[in-house]
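Chemist: Each chain, written out:
There are 4 protein chains.
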Amino acid sequence: MIRVGMIGYGYWGPNLARNFLQVPGLHLQRVADLNESRRDAAQLACFGAEVTADATSVTHAPDIDAVAIATPAASHFELALAALQNGKHVLVEKPLAHSVRQCERLIEEAAKRNLVLMVDHTFVYTDAVRWIRDFVAAGRLGQTYYFDSIRSNLGLFQRDVSVLWDLAPHDLSILTSVLGREPRSVTAVGACHAGSRVPNIAHMTLDLENDCLAHFHVNWLSPVKVRRIMIAGSERMVVFDDLDSSEKVKVYDSGVSIQHEDISGQHRMLVQYRTGDMTSPALGNREALRTELEHFRDCVSGNLKPMTDGESGLAVVRILEAAEQSLERDGARVYL
Amino acid sequence: MIRVGMIGYGYWGPNLARNFLQVPGLHLQRVADLNESRRDAAQLACFGAEVTADATSVTHAPDIDAVAIATPAASHFELALAALQNGKHVLVEKPLAHSVRQCERLIEEAAKRNLVLMVDHTFVYTDAVRWIRDFVAAGRLGQTYYFDSIRSNLGLFQRDVSVLWDLAPHDLSILTSVLGREPRSVTAVGACHAGSRVPNIAHMTLDLENDCLAHFHVNWLSPVKVRRIMIAGSERMVVFDDLDSSEKVKVYDSGVSIQHEDISGQHRMLVQYRTGDMTSPALGNREALRTELEHFRDCVSGNLKPMTDGESGLAVVRILEAAEQSLERDGARVYL
Amino acid sequence: MIRVGMIGYGYWGPNLARNFLQVPGLHLQRVADLNESRRDAAQLACFGAEVTADATSVTHAPDIDAVAIATPAASHFELALAALQNGKHVLVEKPLAHSVRQCERLIEEAAKRNLVLMVDHTFVYTDAVRWIRDFVAAGRLGQTYYFDSIRSNLGLFQRDVSVLWDLAPHDLSILTSVLGREPRSVTAVGACHAGSRVPNIAHMTLDLENDCLAHFHVNWLSPVKVRRIMIAGSERMVVFDDLDSSEKVKVYDSGVSIQHEDISGQHRMLVQYRTGDMTSPALGNREALRTELEHFRDCVSGNLKPMTDGESGLAVVRILEAAEQSLERDGARVYL
Amino acid sequence: MIRVGMIGYGYWGPNLARNFLQVPGLHLQRVADLNESRRDAAQLACFGAEVTADATSVTHAPDIDAVAIATPAASHFELALAALQNGKHVLVEKPLAHSVRQCERLIEEAAKRNLVLMVDHTFVYTDAVRWIRDFVAAGRLGQTYYFDSIRSNLGLFQRDVSVLWDLAPHDLSILTSVLGREPRSVTAVGACHAGSRVPNIAHMTLDLENDCLAHFHVNWLSPVKVRRIMIAGSERMVVFDDLDSSEKVKVYDSGVSIQHEDISGQHRMLVQYRTGDMTSPALGNREALRTELEHFRDCVSGNLKPMTDGESGLAVVRILEAAEQSLERDGARVYL
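Residue numbers (my numbering), protein chains in the order written: chain A, 58 to 393; chain B, 58 to 393; chain C, 58 to 393; chain D, 58 to 393.
Bound conformation, chain A alone:
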């Protein structure tokens, strides 16, 4: 039985806790949060767990084997490092940390102590993304042309967190998981509205080499909720619409043919993109977090490398860091 301690019981914490309580082999031992009303909520919901205001009673406690960190991003690094230094396996909410350097430090610490360091890129564990990853890995897409992502809607957000750091990690973790490659360079533009000091809308592009372009539109100020990713290849195209409850993934047969046209002796070549049948695979509807926590358990007990390990977290943060530099330099291209 792996004894788990959680730090942070805000927006995402209750979901983590609920799943910790349900996965066999994990025991939720302790939950820490600075906020009293959140502690009260944890007390009611986390049957059998101690609730405390003191994070060190999680990171430093001898009766804890693994620590899950679901606090605001600013504290991820410090808490994760403390937990690792005290010999705990660690699961961190995305983003793994605030800088490439912090991520590298955590990876190094975990490696040195032979501990599991996993980042909570939840989307990677959804049935939809797993299906798409297998599909792409099987070469069904042909040559990859582009990756296009939109994630937008109105909502509540902190004034000093950029929409890029808040929303883009989801899509970047999907990109990394599905295409398995890192960009050569990054550009980003954004805008700040309603008194915000950081962008609440941003467009980021990645150059993935071989004419493969990735684009991310993240937006906190959209009347329409959109969560859609398109991945186009020379032979097939995949659309992942997370808001379509019945047909989340659609695969389009497609291809290119050249047509010729003669006008008064002048020859013109036309490119014809076409689509054939579309198929939408039946997917399971497992809660991704459940799948993820079972994977965390297996990694901890079997000493395995997680699918979303420190390196995955680092890859995402490296792109975000570059995007931030591009934003500051007015959209100039930043090479990695």
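Please keep in mind that the hints were generated in silico from the structure rather than gathered at the bench.
It is possible that some hints are incorrect.
With a cut-off of at most 30 Å between alpha-carbon atoms, the simulated DSSO-like pairs for lysine-lysine come out as follows [claimed, not checked]: (1) A:362 x A:169; (2) C:282 x B:282; (3) C:169 x C:362; (4) B:169 x B:362; (5) A:282 x D:362; (6) D:362 x D:169; (7) D:282 x B:282; (8) C:282 x D:362; (9) A:282 x C:282; (10) A:282 x B:282.
Position chains B, C and D against the provided structure of chain A, taking the given hints into account.
Modeler: Just chains B, C and D now, kept in the frame of chain A:
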């Protein structure tokens, strides 16, 4: 009665011709096309018009008052200039010409001779865009936050025409018409696939000052057809979905409020974007081209300045020229 | 503090329990279920409640003030009657009972003892249905023309429960709540598939007088999930699409005008139905069950008549009973 | 070359004429309409055809081989009969005639004279319906469970034509073409609004034997335009949404399995309907009317039986006649 001559009876020409035949006060006198089978088609459809292979019998003929040019973009400048120099009013398919310089030359020629020079930015004459323009002009949007446009689907295209020059003029003409301001700078990135030498997918951003950001995604290689524009303001947001036959325009009440949260004495400010009611106005379903040609007739007979005059055409070409430079310079920002 | 006992912890019970635990003024004292694994689940989730296999320890216990019954429909009558006879207020899952007679018996018993008898017509408490009811009550619809409901999708169901008894109560309770009138007659046709002895698809029509027709399509065997109600009036039409997360309710301005046409002296009158603007009101997103249980609490403590009282439950069952007779008589009209 | 005469140039006539002009082997010789402005329109559009007010100059003329009738339904019988009696092949707009008896008379006349009698059930010639018919004919559906059709929206209509006779022929012709069987009995209910003397909304059910139920909802008074047909079988289900421009036909793998549940020794059988993958086939986008007129030409020249022959027209009228009787008898079942 204004005697009209048309040059080009390819993709768009038949639509123009059909409307020329229907608008009172206009008489379709002559149609020129280099291609024989197209001339046969024109012969059948254009009751009462002469059909010819010779463009000069349109641009130079004494029995023609106004010339409509619907040829490939490469020949717009030369044909329009010839028509103006022969004292004809001119209507040109978008884009007006291939460069800022060419556009300026046409504007100058038309001004000198006191002729109407109009560019066929058809979308500007749709009931939807006219409604949105009036709505924005009435100040209903509040402060403008962003303009976001997606135009994509699979199709047939020429190998040497960029998707930007082909599709973006539609959206840029809408931007210009609705917001009435020109950008300070432009960035663009794109990618070429399937042996194309020019981008078949591109992302362009415009800095419209005062934190107003415009973004355009044009794509010839998408399995999903999308034609959607969002315009967000501090008080309302407008979504224009050209593929939604029943609810093309939706207006969302929206706004921003600040919320406060206290965690263990730490104070945090949260921004809450919210939406209220949504309204979709009843729009007419007039054919835009009909409205446009009636406007052309009125401008010619009343010697009026068209809504989409040479300056509108120039504004669009200026942005496209800058975007092309940005593409060539790997996405670097280009100032206008 | 009202002490609540629950019977049945299957499909719907956990939702009830979760809300009982959250509504101030209600205390979940005891939960009964025959099934052991369900009792285990209740034990984990219902902090502070006793869990038992014995329903009489709920219906007959002196430390229980109100009983909620969420068992299969077959046992509703017996359990509800026992609870009432022991002086408990009662909340029963829909349908209230299996026959008009049973409903009348429960209403009589509750009246005699001055107890609250409420039926769990959850949809009536949604923000959407409440909005529509107020809208119709304000006379905004004009004269009511029809009510049309579709509720369908694939799923799991018991072999001996008809789709009419299972799904139609939702829509009938909405009809009753919104239009507030009872039908004069009923017709129903259905079909049994895949070895089922009772219909798994059915169409029911109600004659609501004054040319107002209601139609219900309930279907367990549809690949497409649909939950849509249209209510048409002479001045406006309302569409309630429960699966549309952002625009659940849409109101269309509409109306009728007469047009005249003359063909060679023959005069023809044409009817023109038209729509004007569409509006989708902003709705809250309160959980309906929470609203409902607060109402139950207020009825119990204030001795008020519930919005979905025994009479509402009876109205629904009366229609279902007639529909069943029509089904048995091959679709013949049954008068109420 | 088959010389065609047309009678009626109102709503549908121009579409017929345009296609007659394009199909090789057909020559549009003459067009008759009582209305002067319609004759003017025909004159402009029907290059090479004579235009007249006199229908007998079509039905009785020696220079006409085939007659197309696109007049209001009331005159179909008389005009078609006259044409047949004068030795012309005949194509009639739906419905073929106003009664079973009239249809039989036309079939008899055509048979006696060995002439082609074809009814313009256009939908049968769409790529979508042809695909579905082949799919069903190949046995891919399994046992047919039901056919469900909705056709609705606001519009313009004549005061004395029932929505059943106007809209239902489309769906009945699809039913007949795809399933190839005739119903045993019919029920129909409807309602009249806004001063109409005939129903402007109706529900019709057909008993197709073997537990196969067909339902048709036709509605002239709906704010939402719907044109959707579902055909469910034991192995697959097909949804045909005519308003979905990109995915008109969707096929769902589906099936039934039995699950068992034990509650305290009581055994319960549950039916589980499930869906697997969904596929949407790529369809051509040929104009159905073009396909139909080529078929008409081939039938006339090759003396073949049309896919939508007099018997098809009769099958549809027989159902409509029964539905009308059911409407008059308050929804009572009418046997065929």
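Chemist: Which numbered hints turn out to be false for this structure?
Modeler: Violated hints (numbers, rising): 5 and 8; every other hint is consistent with the structure.
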